[in-house]
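One letter stands for each residue in the lines below.
Protein chains: 2
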Amino acid sequence: MKQVYLDNQSNTQVDRRVIDEMLPYLDENYGNAQSMHSLGAKSKDALEKARMQAADLIGANINEVYFTSCGSESNNLAVKGVAEAYKQKGKHIVVSGIEHFSVLYAAKRLSQGGFEVTYLPVDKYGAVSLDDLKKSLKDNTILVSIQHANTEIGTIQSIGEISKIIKERNILFHTDAVASVGLIPVNVNDLGVDLLTFSGSQFYGPKGAAALYVRKGVKVVPLIDGGIQEGGRRAGTENIPAIVGFGKACEIAKAEMEQNHGKLTHLRDRLIKELPGKIEYMYLNGHPEKRLPNNINFSVEFVEGEGMFLFLDQKGIYVTSGSACASRALKMSHVLTAINVDAAVGQGSILMSVSKYNKDDEIDYVLSEFPPIVQKLRDMSPLYSHFKKTGKRLEAGPGTDYEHNHK
Amino acid sequence: MKQVYLDNQSNTQVDRRVIDEMLPYLDENYGNAQSMHSLGAKSKDALEKARMQAADLIGANINEVYFTSCGSESNNLAVKGVAEAYKQKGKHIVVSGIEHFSVLYAAKRLSQGGFEVTYLPVDKYGAVSLDDLKKSLKDNTILVSIQHANTEIGTIQSIGEISKIIKERNILFHTDAVASVGLIPVNVNDLGVDLLTFSGSQFYGPKGAAALYVRKGVKVVPLIDGGIQEGGRRAGTENIPAIVGFGKACEIAKAEMEQNHGKLTHLRDRLIKELPGKIEYMYLNGHPEKRLPNNINFSVEFVEGEGMFLFLDQKGIYVTSGSACASRALKMSHVLTAINVDAAVGQGSILMSVSKYNKDDEIDYVLSEFPPIVQKLRDMSPLYSHFKKTGKRLEAGPGTDYEHNHK
Numbered sequence: 072m073k074q075v076y077l078d079n080q081s082n083t084q085v086d087r088r089v090i091d092e093m094l095p096y097l098d099e100n101y102g103n104a105q106s107m108h109s110l111g112a113k114s115k116d117a118l119e120k121a122r123m124q125a126a127d128l129i130g131a132n133i134n135e136v137y138f139t140s141c142g143s144e145s146n147n148l149a150v151k152g153v154a155e156a157y158k159q160k161g162k163h164i165v166v167s168g169i170e171h172f173s174v175l176y177a178a179k180r181l182s183q184g185g186f187e188v189t190y191l192p193v194d195k196y197g198a199v200s201l202d203d204l205k206k207s208l209k210d211n212t213i214l215v216s217i218q219h220a221n222t223e224i225g226t227i228q229s230i231g232e233i234s235k236i237i238k239e240r241n242i243l244f245h246t247d248a249v250a251s252v253g254l255i256p257v258n259v260n261d262l263g264v265d266l267l268t269f270s271g272s273q274f275y276g277p278k279g280a281a282a283l284y285v286r287k288g289v290k291v292v293p294l295i296d297g298g299i300q301e302g303g304r305r306a307g308t309e310n311i312p313a314i315v316g317f318g319k320a321c322e323i324a325k326a327e328m329e330q331n332h333g334k335l336t337h338l339r340d341r342l343i344k345e346l347p348g349k350i351e352y353m354y355l356n357g358h359p360e361k362r363l364p365n366n367i368n369f370s371v372e373f374v375e376g377e378g379m380f381l382f383l384d385q386k387g388i389y390v391t392s393g394s395a396c397a398s399r400a401l402k403m404s405h406v407l408t409a410i411n412v413d414a415a416v417g418q419g420s421i422l423m424s425v426s427k428y429n430k431d432d433e434i435d436y437v438l439s440e441f442p443p444i445v446q447k448l449r450d451m452s453p454l455y456s457h458f459k460k461t462g463k464r465l466e467a468g469p470g471t472d473y474e475h476n477h478k
Numbered sequence: 072m073k074q075v076y077l078d079n080q081s082n083t084q085v086d087r088r089v090i091d092e093m094l095p096y097l098d099e100n101y102g103n104a105q106s107m108h109s110l111g112a113k114s115k116d117a118l119e120k121a122r123m124q125a126a127d128l129i130g131a132n133i134n135e136v137y138f139t140s141c142g143s144e145s146n147n148l149a150v151k152g153v154a155e156a157y158k159q160k161g162k163h164i165v166v167s168g169i170e171h172f173s174v175l176y177a178a179k180r181l182s183q184g185g186f187e188v189t190y191l192p193v194d195k196y197g198a199v200s201l202d203d204l205k206k207s208l209k210d211n212t213i214l215v216s217i218q219h220a221n222t223e224i225g226t227i228q229s230i231g232e233i234s235k236i237i238k239e240r241n242i243l244f245h246t247d248a249v250a251s252v253g254l255i256p257v258n259v260n261d262l263g264v265d266l267l268t269f270s271g272s273q274f275y276g277p278k279g280a281a282a283l284y285v286r287k288g289v290k291v292v293p294l295i296d297g298g299i300q301e302g303g304r305r306a307g308t309e310n311i312p313a314i315v316g317f318g319k320a321c322e323i324a325k326a327e328m329e330q331n332h333g334k335l336t337h338l339r340d341r342l343i344k345e346l347p348g349k350i351e352y353m354y355l356n357g358h359p360e361k362r363l364p365n366n367i368n369f370s371v372e373f374v375e376g377e378g379m380f381l382f383l384d385q386k387g388i389y390v391t392s393g394s395a396c397a398s399r400a401l402k403m404s405h406v407l408t409a410i411n412v413d414a415a416v417g418q419g420s421i422l423m424s425v426s427k428y429n430k431d432d433e434i435d436y437v438l439s440e441f442p443p444i445v446q447k448l449r450d451m452s453p454l455y456s457h458f459k460k461t462g463k464r465l466e467a468g469p470g471t472d473y474e475h476n477h478k
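The listed protein sequences derive, respectively, from chains A and B.
Counting in our numbering, the first sequence runs from 72 upward without gaps.
Counting in our numbering, the second sequence runs from 72 upward without gaps.
Be aware that a few hints might be false.
It does not matter which identical chain is used: a pair holds within one copy or between any two.
Calculated pairs, BS3-like style, for lysine-lysine (alpha carbon to alpha carbon, straight line, at most 25 Å) [what the hints assert, rightly or not]:
(1) K460 / K209
(2) K205 / K238
(3) K179 / K158
(4) K460 / K195
(5) K290 / K430
(6) K179 / K290
(7) K325 / K386
(8) K386 / K209
(9) K361 / K290
(10) K179 / K160
(11) K463 / K113
(12) K158 / K447
Everything labelled a hint here was simulated from the structure, so no lab data went into it.
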């Protein structure tokens, strides 16, 4: 059976060149990077080469990049680490309501420890309003964390403008750029951020390595105390194979960004433009233009996401129902809730994300297999048959605006 | 040139069978374990298989094993996570003075946050005294963390007896068993521990995966908040290749423990018994019997560890000077200080640790190359020439007992 992997915002296939770079460090170059003998030195050299590759991708200095084990760790380190380091200065932080759970729950943890957290609302496209941001900042605000782009609905925030507002107030600014780095140009100086999270497993690097950019001079209290690794900011034997792979993925991403961007955009736009012509009552979530090149997120009315997901899976089409991290949690996505998608429609949401490995014939396959699945599910739906008979939607509460974000 | 890797307490070579098990998860099985499609399910199945293998090695239930990225993370999660979860009950914790830095510095971090920390002394072999332990426990003690075995000097603690004392007082007990699990039999119920840290990279597993055993019912506040992974105790996309490798390493360790133990003990004892016959004024650190099967730690008088280290490195013999994690820090080891090794002698300390991949001819090579290196260094040493001329040691302060722990 054909397999079409469209879950690239959960995890990408690892580039073969990345794997080849990693293999010697799984095998013969097994030294601990902190060991001072020749075998340790090989690992240390590999570690610093990867750091250079990672720094280069985001326009940072090599000594501003700290490796971690995953994006969630980087986000926790940024939010909790800054909070702990600057708590004498103030105990208020600001995050957007559509952050990744690792930012939201880190903030929640801080609120249990006496911090005040402001959650910024977003508009129907998922964009943070600059006015809301301005109003949220207080004398005791020490950190703002707003993602660069949203993994689920693909919306790219105006980080440059957001940064100006924050820096005027001399507040630290962290952005979770897991969804964007490697796919679109990201430069920490252009963005004006103090901390930035990025992870290789979203752009053809391996699982197990991510990084936190920390601008020189910014203090961060470690989550993992102990050894002298990562400048004392992250103890633990460095995962050299994964870090080497991450570095290589950064190098490749930079070198091939333009061609990949064109390819992703082409594949994405085919699905975004052609699917609604084949499936009625289907609405794009997220911003139509300020959008990640790989992201397609639709709400499909009169069906449940899980049903679509399972039938697509049977056809070898792998997508995401709900947010990647919550997919086993089976909760309604907090992102769709935040952009005010009606719960009844939001239940029929589906996230597809393309990679450089997807091909046009795979998109053809999706365009041919997906519509009959929706039709089959609708044929079983009492809501749909009621709608077809009466032209009216059941259970539509006051204020429900099914197409609120699709005009 | 011959290469003899004797730095196996920093990191072991990965077993070829472990690498083979990992490769499909680096390559074609790249799904996110939290993705519900078929490719995600493969990762999820692999994750749970590894959890079973890990649980099986330490006699735990499968739902009591939580994967992390490294031993340092597990130790931080245990110490800080328990402290945070039980701080209403009390704010006193007890650790031994020769714990790994990831326990010591986690404890230090807690002490900055209002916790009281008692550091237990150890005897000349590195053993915690049961009397000292008893005296240290107070009504507000919530956690004791004492390592199973010491990475640097190899001493194995009497965890079973220690546990009885702690459990009588209804206090939680964590042991860092990174140095012992996979090498000697470890069973969480026999040891009577509530939390136990273990890591695959010390027994032929890959870097990037470790685990924390948490007895059912024991609460731990996460370090990394966010997703639902690891039962909500450790967010972040699971590093499936490394975890699969860790699981396989656990399986192999269990199946082949007896034969490996015999082999390690043989190699270890050759170095421990034969080296002092070839090098004068050389003293074994750590317990002569209650000792890890792979650990050899000597203080060599009238030389510096760094000198031996560098000359050995030139001969392709890779050892550790000082503790593995501090080797680039160039500090005098806290462990040797704690067992009261004289500073002048302790500077000439060298840790060798064998693995199942070492061979007798490698030990022959060390026995032939090491003594002339020491002689060469001593020939350059004014301390040694003074001693040879006068029979007296320079800079020997009052109370210095050079052979204090070698009788």
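Do the hints match the structure? See the list:
1. In this assembly of identical chains, K460 and K209 lie within 25 Å of each other by CA distance neither inside one copy nor across copies; the values are 54 Å within and 74 Å between.
2. Taking the shortest Cα distances, K205 and K238 sit within 25 Å of each other inside one copy (11 Å), while across copies they are farther apart (54 Å).
3. In the homo-oligomer, the alpha carbons of K179 and K158 lie at most 25 Å apart both inside one protomer (16 Å) and across protomers (18 Å), since each shortest distance falls under that limit.
4. Taking the shortest alpha-carbon separations for K460 and K195, neither the intra-copy value of 31 Å nor the inter-copy value of 87 Å comes in at or below 25 Å.
5. For a Cα distance limit of 25 Å, the shortest separation of K290 from K430 qualifies neither inside one copy, at 45 Å, nor across copies, at 48 Å.
6. Proximity of K179 to K290 under the C-alpha cut-off of 25 Å is found in both arrangements, the shortest distances being 21 Å within a copy and 18 Å between copies.
7. When the C-alpha separation of K325 and K386 is checked against a cutoff of 25 Å, the pair qualifies neither within a copy, at 34 Å, nor between copies, at 41 Å.
8. When the C-alpha separation of K386 and K209 is checked against a cutoff of 25 Å, the pair qualifies neither within a copy, at 52 Å, nor between copies, at 62 Å.
9. In this assembly of identical chains, K361 and K290 lie within 25 Å of each other by CA distance neither inside one copy nor across copies; the values are 32 Å within and 43 Å between.
10. For the homomeric pair K179 and K160, the shortest alpha-carbon distances inside one copy (19 Å) and between copies (22 Å) are both at most 25 Å.
11. Neither within a single protomer nor between protomers do K463 and K113 lie at most 25 Å apart by alpha-carbon distance, with minima of 68 Å and 43 Å respectively.
12. Taking identical chains as interchangeable, the C-alpha atoms of K158 and K447 are never at most 25 Å apart, the minima being 56 Å within one chain and 55 Å between chains.
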